Structure formats: C-alpha cells, structure tokens
Amino acid sequence: MKELRQVSEEYSEMGFDESAELRSANKQKRKEKRQKKKREFLDQEVYYPSEFDITYLARVDDRTVIYMTDDNYSKQWFYPRYTKGRLHEPVATQLLMDHLTQDSVFIDVGAHLGYFSMLAASKAKSVYAIEVLEFLIPRIHRNCVANHYNNVFTIFAAAGDKPGFVSVPKVGGPNNKVGSSEHKSLVPVIRLDDYFADVTEPMILKIDTEGFEYQVLQGAARILERKPKMLIEVHRNMKNYGFTVADMYRLLKTYGYEIYSLEHRKSSGAQKECSLEEIVELNNAMILCL
60 MKELRQVSEE
70 YSEMGFDESA
80 ELRSANKQKR
90 KEKRQKKKRE
100 FLDQEVYYPS
110 EFDITYLARV
120 DDRTVIYMTD
130 DNYSKQWFYP
140 RYTKGRLHEP
150 VATQLLMDHL
160 TQDSVFIDVG
170 AHLGYFSMLA
180 ASKAKSVYAI
190 EVLEFLIPRI
200 HRNCVANHYN
210 NVFTIFAAAG
220 DKPGFVSVPK
230 VGGPNNKVGS
240 SEHKSLVPVI
250 RLDDYFADVT
260 EPMILKIDTE
270 GFEYQVLQGA
280 ARILERKPKM
290 LIEVHRNMKN
300 YGFTVADMYR
310 LLKTYGYEIY
320 SLEHRKSSGA
330 QKECSLEEIV
340 ELNNAMILCL
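Residue numbers for the sequence shown follow our numbering, so the first one is 60 and each next one is one higher.
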C-alpha cells in the first residue's frame with residue numbers, strides 16, 4: 060500500500076490528473092466495444108431487401124415504370140409470374156402503348172393496382188383510374204408517387220349504366236367480386252357519359268370489371284358514338300349479371316366497331332378479327348375494339 064501511495068503521490072507531483080486518465084481509458088473501452096459489435100454485425104449473413112422485394116419494373120419501348128411490391132398483396136400479384144423482365148399481358152400492354160399519344164385521355168375501368176394506368180401515364184396527357192375495391196386505392200396512389208406522376212386521377216367508384224350505389228368488399232383478395240364478402244361498404248356508381256361529358260381529347264378505354272362490362276358500355280353511349288379505341292376483358296360470367304358476351308358483341312357492332320381477339324398473355328401474338336361465334340367461346344380473354 061505504501062508503494063501505491065508513493066506512486067500516486069509521484070503522479071500528483073508531476074501534475075497528472077488521475078480521474079481524467081480513467082475517463083479517457085473508459086471512453087476508449089466503450090469505443091472498442093462499439094467497434095467490436097459493428098464487426099460482429101457485419102460478419103453476420105444479414106438479409107437486405109432486393110429490388111424484387113420492394114418494386115416491379117415494367118419496361119416498354121424506352122419507358123420504365125415502377126410498381127411498389129413492399130406489401131404482401133402487390134408482391135404476390137407480381138411475383139413470381141413477372142420475374143426476369145416479364146410483362147403482365149404483354150400483347151395488350153404493347154398495343155396500349157402503340158395507340159396512346161401525348162394528347163390521349165386514358166380511362167382505366169377496373170384499374171386494380173394501376174398496371175395499365177401507370178404505363179399510360181408515362182405517355183398520355185391524363186389518366187383516370189377507376190377502381191371499386193377500397194383496399195386497392197392507396198396502392199394505386201403509391202405507384203403514382205413512385206413514378207412522380209401528377210397526371211393520374213384515382214376514382215373510388217364503380218362504373219355502370221345508371222348512378223347509384225353498389226355493395227363491395229371492404230377488405231381485399233385477388234378473388235373478390237362485387238357484392239361478395241361479409242364485410243361490405245357502399246360505393247358510388249358513375250356513368251362514364253356523365254363523368255367525362257366535358258372531355259374533348261381522344262380517349263382510349265380499358266374495361267375489366269369481372270363480368271359487368273356490358274353495364275359499363277351501356278353507361279358510355281355518347282362516348283361510344285365517338286368510337287374510342289378500347290381494350291375489353293371478356294368474362295363469360297357476365298351472364299350472372301343479366302347479359303351475355305353475345306349481347307356485348309352486338310352492342311359494340313351497333314357502334315360500328317371492328318373486334319379483334321388477342322393472345323394478350325403471350326409474349327407476342329397477332330390480333331385476329333373475331334366473329335360472334337368465336338367471341339362467345341372466349342373467357343378471361345382480351346379483345347381490341349377499333
């Protein structure tokens with residue numbers, strides 16, 4: 060103990076501050092401990108999200124469009140189907156981009172996640188994404204933000220032949236239908252003729268409403284007189300809602316449309332003019348109306 064006191068006295072005589080030295084040593088120890096933890100963390104096999112975990116990129120012509128996939132629904136819808144640069148419905152996608160101009164107004168009835176809406180927004184003057192399922196609306200908004208679009212207008216509504224309200228599921232899944240699910244909300248029904256009465260620019264329509272396509276067309280009589288180009292998904296189950304595929308074919312023909320069937324899910328495919336006998340055999344297939 061004598062020796063320790065003597066050493067301490069010698070340090071004091073030299074003007075050495077023992078408490079400062081201890082603080083410095085403790086600081087150094089803490090620094091070394093942090094560095095050790097950092098090295099241990101970096102040595103671990105840490106998982107970092109890839110672009111496939113948070114986005115899907117659609118590349119068409121010289122355009123790249125971003126879709127957010129950081130929620131389970133969007134991710135499961137895009138992946139694994141569309142890995143390695145695959146496009147959703149590539150023939151329909153290319154036809155849409157070929158027919159759009161910088162003056163076009165694109166009306167997307169049944170916009171879903173906004174796949175066609177986002178692509179159209181990269182080229183068209185304005186885009187109206189009409190979607191009846193509430194849980195999809197914020198997902199469309201997020202895709203707009205991801206692409207910095209300010210020309211997309213999202214409409215939370217159903218399109219039909221007369222104004223009113225329709226019962227739709229509150230929560231979402233890929234197989235939801237209008238009127239299904241125990242948890243429902245009332246959503247307004249709009250007529251395209253009413254909503255777009257003042258639009259004078261050339262229109263292009265995409266209609267995919269899971270069997271309600273005929274009612275959508277009935278509510279667009281004045282628009283159809285202008286013969287806008289249209290992509291329409293054909294669903295045989297429209298007979299469950301009062302009309303048939305044949306009824307829709309005849310309605311389109313009264314407006315002078317030429318109707319072509321598309322192999323829209325293939326990577327490439329020719330459009331073929333479609334007869335009444337041929338269209339009634341289609342299901343979940345796209346037609347082009349010119």
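Treat each hint with caution, since some may be false.
[Claimed, not checked] For each label pair, taking beta carbons as the anchor points, the in silico distance ranges come out as:
| no. | residue 1 | residue 2 | range |
| --- | --- | --- | --- |
| 1 | N296 | F212 | 24 to 32 Å |
| 2 | T123 | K86 | 47 to 55 Å |
| 3 | A305 | R118 | 34 to 42 Å |
| 4 | D157 | K243 | 19 to 27 Å |
| 5 | S244 | R89 | 37 to 45 Å |
| 6 | P197 | K88 | 30 to 38 Å |
| 7 | T160 | N343 | 49 to 57 Å |
| 8 | A79 | P197 | 53 to 61 Å |
| 9 | E332 | K184 | 51 to 59 Å |
| 10 | E91 | D121 | 29 to 37 Å |
| 11 | D130 | N210 | 18 to 26 Å |
[Said to hold, decoys possible] Pairs of lysine-lysine, DSBU-like flavour, derived with a Cα cap of 30 Å:
| no. | residue 1 | residue 2 |
| --- | --- | --- |
| 12 | K298 | K288 |
| 13 | K229 | K312 |
| 14 | K243 | K221 |
| 15 | K312 | K298 |
| 16 | K95 | K134 |
| 17 | K221 | K288 |
| 18 | K221 | K312 |
| 19 | K182 | K298 |
| 20 | K298 | K243 |
| 21 | K331 | K182 |
| 22 | K134 | K229 |
Note that these hints are calculated values from the structure, not bench results.
What you are looking at is a predicted structure, and each value in this text was computed from that prediction instead of being measured.
For glycine and all other residues, C-beta sits at the position ideal for the given N, C-alpha and C.
Against the structure, the hints:
In this structure the hint that N296 and F212 lie 24 to 32 Å apart at CB holds, the actual value being about 29 Å. At about 50 Å, the beta-carbon gap between T123 and K86 stays in the expected band of 47 to 55 Å. Between A305 and R118 the beta carbon distance is about 38 Å. The supplied range of 34 to 42 Å therefore holds. Checked against the given bound of 19 to 27 Å, the beta carbons of D157 and K243, roughly 40 Å apart, lie outside it.
The beta-carbon spacing between S244 and R89, approximately 56 Å, falls outside the hinted interval of 37 to 45 Å. Between P197 and K88 the CB atoms are about 49 Å apart, so this pair departs from the stated range of 30 to 38 Å. Distance hint check for T160 and N343: the Cβ-Cβ separation is about 29 Å, which falls outside the suggested range of 49 to 57 Å. A C-beta distance of roughly 57 Å is found between A79 and P197, which places it inside the suggested range of 53 to 61 Å.
Roughly 30 Å separates the CB atoms of E332 and K184, a value that falls outside the hinted 51 to 59 Å. One distance hint, 29 to 37 Å for the beta-carbon pair E91 and D121, is violated here, with the actual separation near 53 Å. Between D130 and N210 the CB atoms are about 24 Å apart, so this pair conforms to the stated range of 18 to 26 Å. Distance restraint check for K298 and K288: the Cα-Cα separation of roughly 25 Å lies within the 30 Å cut-off, and the hinted pair is therefore satisfied.
Taking the CA atoms of K229 and K312, the gap is near 37 Å; set against the 30 Å cutoff, the hint is violated. Taken as a hint, the K243 and K221 pair is honoured in the structure, with Cα atoms around 21 Å apart against an allowance of 30 Å. With a C-alpha separation of about 19 Å, the suggested pairing of K312 with K298 holds against the 30 Å cut-off. The suggested pairing of K95 with K134 is violated, with an alpha-carbon distance near 37 Å, which exceeds 30 Å.
For the proposed pair K221 and K288, the alpha carbon gap of about 23 Å is at most 30 Å, so the pair holds. Simply put, K221 and K312 have alpha-carbon atoms about 22 Å apart, close enough for the 30 Å limit, and the pair holds. Proposed proximity of K182 and K298 is contradicted: the alpha carbons are some 36 Å apart, above 30 Å. Between K298 and K243 the CA atoms are separated by roughly 23 Å; this keeps the pair inside 30 Å, and the hint holds.
Restraint check for K331 and K182: satisfied, since their Cα atoms lie roughly 26 Å apart, inside the 30 Å limit. Under the criterion of a C-alpha separation no larger than 30 Å, the hint pairing K134 with K229 is consistent with the structure, at around 20 Å.
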